[in-house]
Amino acid sequence: MSTASTGAALRRIGLGGITGNRTALFISLGLMALLLLVPMVLPGYQTLFRTILIFVALSYGWNMIGGYTGYVSFGNMVFFGLGSYCAALLSAQHVDNVVADVALAMVVNAAFAALIGLPVLRLKGHYFGIATLGTALAVTDIVGNLDFFGGTGGLKVTQVDEAHFSIYYYAAWLVAAGAIAITFLVARSKLGYAFVAIRENEDAAAVLGISATKYKIIAWAISAAIAGAAGAVYARGNGFIDPSIAFAEDFNVYPIVMTLLGGTGTVAGPFVGALILSGVNELLGHTFLKLHSLFFGAVIVLVVLLLPRGLVWLIGLRGGMRTWLKSLEIYKA
Amino acid sequence: MSVQPAPSTATAAAHEVALRISDVGMRFGGLWALSEVSFDVERGSVVGLIGPNGSGKTTLMNVISGVYKPTTGEVTYAGKRIADVPAHDVCHLGIARTFQIVKPFASLSVRENVAVGAMYGRYGGKRSTRASFERAQELLEIVGLARIADRAASELTIPDRKRLEVAKALALDPDVLLLDEVMAGLNATEVDEALELLRDVNKRGVTLIVVEHLMKAIVSISTTIVVLAEGKKIAQGAPSTVLASPQVIEAYLGSRWVKRQEQLKEIEAQRAEAVRIQPPEATA
Numbered sequence: 000m001s002t003a004s005t006g007a008a009l010r011r012i013g014l015g016g017i018t019g020n021r022t023a024l025f026i027s028l029g030l031m032a033l034l035l036l037v038p039m040v041l042p043g044y045q046t047l048f049r050t051i052l053i054f055v056a057l058s059y060g061w062n063m064i065g066g067y068t069g070y071v072s073f074g075n076m077v078f079f080g081l082g083s084y085c086a087a088l089l090s091a092q093h094v095d096n097v098v099a100d101v102a103l104a105m106v107v108n109a110a111f112a113a114l115i116g117l118p119v120l121r122l123k124g125h126y127f128g129i130a131t132l133g134t135a136l137a138v139t140d141i142v143g144n145l146d147f148f149g150g151t152g153g154l155k156v157t158q159v160d161e162a163h164f165s166i167y168y169y170a171a172w173l174v175a176a177g178a179i180a181i182t183f184l185v186a187r188s189k190l191g192y193a194f195v196a197i198r199e200n201e202d203a204a205a206v207l208g209i210s211a212t213k214y215k216i217i218a219w220a221i222s223a224a225i226a227g228a229a230g231a232v233y234a235r236g237n238g239f240i241d242p243s244i245a246f247a248e249d250f251n252v253y254p255i256v257m258t259l260l261g262g263t264g265t266v267a268g269p270f271v272g273a274l275i276l277s278g279v280n281e282l283l284g285h286t287f288l289k290l291h292s293l294f295f296g297a298v299i300v301l302v303v304l305l306l307p308r309g310l311v312w313l314i315g316l317r318g319g320m321r322t323w324l325k326s327l328e329i330y331k332a
Numbered sequence: 000m001s002v003q004p005a006p007s008t009a010t011a012a013a014h015e016v017a018l019r020i021s022d023v024g025m026r027f028g029g030l031w032a033l034s035e036v037s038f039d040v041e042r043g044s045v046v047g048l049i050g051p052n053g054s055g056k057t058t059l060m061n062v063i064s065g066v067y068k069p070t071t072g073e074v075t076y077a078g079k080r081i082a083d084v085p086a087h088d089v090c091h092l093g094i095a096r097t098f099q100i101v102k103p104f105a106s107l108s109v110r111e112n113v114a115v116g117a118m119y120g121r122y123g124g125k126r127s128t129r130a131s132f133e134r135a136q137e138l139l140e141i142v143g144l145a146r147i148a149d150r151a152a153s154e155l156t157i158p159d160r161k162r163l164e165v166a167k168a169l170a171l172d173p174d175v176l177l178l179d180e181v182m183a184g185l186n187a188t189e190v191d192e193a194l195e196l197l198r199d200v201n202k203r204g205v206t207l208i209v210v211e212h213l214m215k216a217i218v219s220i221s222t223t224i225v226v227l228a229e230g231k232k233i234a235q236g237a238p239s240t241v242l243a244s245p246q247v248i249e250a251y252l253g254s255r256w257v258k259r260q261e262q263l264k265e266i267e268a269q270r271a272e273a274v275r276i277q278p279p280e281a282t283a
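As you go down the protein sequences, you meet chains A and B in turn.
With the first letter of the first sequence counted as 1, position 168 gets the number 167 in numbering that gives the first Met the number 0; the numbers rise by one all the way through.
With the first letter of the second sequence counted as 1, position 101 gets the number 100 in numbering that gives the first Met the number 0; the numbers rise by one all the way through.
A few of these clues could be false.
The calculated EDC-like cross-link candidates involving lysine to aspartate or glutamate, where the alpha carbons are at most 16 Å apart (straight line), are [unchecked claim]:
{"no.": "1", "chain 1": "A", "residue 1": "Lys325", "chain 2": "B", "residue 2": "Glu154"}
{"no.": "2", "chain 1": "B", "residue 1": "Lys215", "chain 2": "B", "residue 2": "Glu195"}
{"no.": "3", "chain 1": "A", "residue 1": "Lys123", "chain 2": "A", "residue 2": "Glu201"}
{"no.": "4", "chain 1": "A", "residue 1": "Lys189", "chain 2": "B", "residue 2": "Glu133"}
{"no.": "5", "chain 1": "B", "residue 1": "Lys68", "chain 2": "A", "residue 2": "Asp202"}
{"no.": "6", "chain 1": "B", "residue 1": "Lys125", "chain 2": "B", "residue 2": "Asp172"}
Just some of the chain B residues that point at chain A, by a computed CB distance under 8 Å [to be verified]:
{"no.": "7", "residue": "Ser64"}
{"no.": "8", "residue": "His91"}
{"no.": "9", "residue": "Phe104"}
{"no.": "10", "residue": "Ala105"}
{"no.": "11", "residue": "Gly116"}
{"no.": "12", "residue": "Tyr119"}
{"no.": "13", "residue": "Lys167"}
Just so you know, the hints here were simulated from the structure itself, not pulled from any lab data.
Built from N, CA and C at the ideal position, the CB exists for glycine as well.
From just these sequences and the hints, can you work out the full model?
This is the structure we're talking about:
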């Protein structure tokens, strides 16, 4: 009875519990396993797929705060940037170990997120979004003006020799896989329920004994740690970091669009979205140099209008076209 | 060394004050939504909190449950001051509430909604996910939502949302349960079912504070009634005495109505007097 009921709750119609649709999750895990083969099968495309994996990780980072607790952050590039600087600074100290980079980046970012989260997470809705954006811009300027971070000139990151270069690919894969695993574990735990309760109604959550401040900070710290780990791996793979690379707007906006496309607040959504959009972006980027940003704009508009719950929700949809139409705000109006 | 006689638990329980509201005032801008409200809630009792719209019932609920911090006064629970305790800690002490405007977690299933309460409520996250879902199942059977436990909470009808609200509050394993208009919008049969449920909950030792507009329901369930009007307590006592009190009638039906009743009574009395003084002609 007990396990059956728990299972039933997770397999709920359409929404599939807070882990999201199972089919989508299995497909994602399968594709993720296939990605492990890239350095052997498609060695020439390693850099491309490494970037995709970094976007996968970043999307999971954003999903934790934006998808699960519903706090839409526009400042997650700060964590990516600080993570990449962690790697660069370790490299300057002649510590050249990607595991150390990731560990330091995660600790520094979780601590930084908790610190700025205390004031910033008291804000709600648009105010929170603007505050995170402001924080991101401020940190970018601070880093760009301090000699300790190499100023605008940037910092060089020592890399391994060409023959062992695929360790950076595997590092990126592990960070992405770790992000998926963390999300899955969180979504299945009491922590996940606390996050979703806060997203759905903060007052009701408080009355049920959930301290909103505490759990929002936890969510943001996890989010920041994941983004930081992605940044550290990116810096090693790139070999050089400056403020315009580390705090690039792409690392902020793309993960949000990717998660929205795949499905916010699900375990498979960010992977699905990141894979599809990175792929399309790469193709378009080769063909039309600047047109791909137009494409991203169009995707944002279409997803918000036609797929507010993302592709993963569409896979688990029962009742076909009618249920889909009924779910649309524009259809209701 | 003498053996102390054990205190009589029966009499102690009968008069033990669970919740003490002393001199509570709540100001919003220039408006005092509550002022100088004081009363005691005995453990195991059912206190009906009534009053016209805007009299401060829900505000008082919010003060007790920690959503608002009162401007003046103090709320004590089991001898402990709780006015400064934030909402998310009040439920750890054993006080639970429902919301008048129901607040289900729309994207979660009915079962999950209740399970969240069981996870975090009384035991502050120490209960396992599995035990929480088991507890949720028990409660859904009690409130009559078991057959739709796997629906999304957003799909529920209003009466079912009210039931869910009660189940969520019960999932906190409360000693004191504040119910804010859980019977509004229910039909006669559903009200009877709800009363049955509340009596059952009360029998298990849960003290109830019930806000309700439905007089029949509140009279039948309450042991004590407290009446608020314009933020002040105007009466307190047994249901029958409170409802007969002229102040209460005035608060509900207006001063003109009371005056009219008094005039009618006077006319009646004068007539009776006239009859008494002037006996019928028959005796002459």
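message: What's the verdict on lysine 125 (chain B) and aspartate 172 (chain B), does the C-alpha distance respect the 16 Å limit or exceed it?
response: Satisfied, since the Cα-Cα distance of roughly 13 Å is no more than 16 Å.
- request: Decide if the proposed pair is consistent with the structure: lysine 68 (chain B) and aspartate 202 (chain A), CA atoms, cutoff 16 Å inclusive.
  value: Satisfied, since the Cα-Cα distance of roughly 14 Å is no more than 16 Å.
- prompt: Holds or violated: is the Cβ of glycine 116 (chain B) closer than 8 Å to a Cβ in chain A?
  reply: Since the shortest Cβ distance to chain A is 5 Å, the answer is holds.
Interface restraint verdict for serine 64 (chain B) against chain A (beta-carbon cut-off 8 Å): Hint on serine 64 (chain B): holds, closest Cβ of chain A at ~6 Å, below 8 Å.
message: So, as I understand it, the hint says tyrosine 119 (chain B) touches chain A; can you test that by seeing if any CB pair is closer than 8 Å?
response: holds (4 Å)
message: Does the closest beta carbon of chain A sit nearer than 8 Å to the beta carbon of phenylalanine 104 (chain B)?
response: holds (4 Å)
message: Interface hint check: lysine 167 (chain B), Cβ to nearest Cβ on chain A, cutoff 8 Å. Holds or violated?
response: holds (7 Å)
task: Have a go at the alanine 105 (chain B) hint: is there a Cβ in chain A nearer than 8 Å to its own Cβ?
output: holds (6 Å)
query: For the hint on histidine 91 (chain B), does the least C-beta distance to chain A fall short of 8 Å?
result: holds (6 Å)
- prompt: Under the criterion that the straight-line Cα-Cα distance not exceed 16 Å, is the pair lysine 325 (chain A), glutamate 154 (chain B) satisfied?
  reply: With a Cα-Cα distance of about 13 Å, the restraint between lysine 325 (chain A) and glutamate 154 (chain B) holds, given a limit of 16 Å.
- prompt: Under the criterion that the straight-line Cα-Cα distance not exceed 16 Å, is the pair lysine 189 (chain A), glutamate 133 (chain B) satisfied?
  reply: holds (14 Å)
field: Restraint check for lysine 215 (chain B) with glutamate 195 (chain B), where alpha carbons must lie at most 16 Å apart
entry: holds (14 Å)
Checked against the numbered hints given earlier, this structure breaks none of them.
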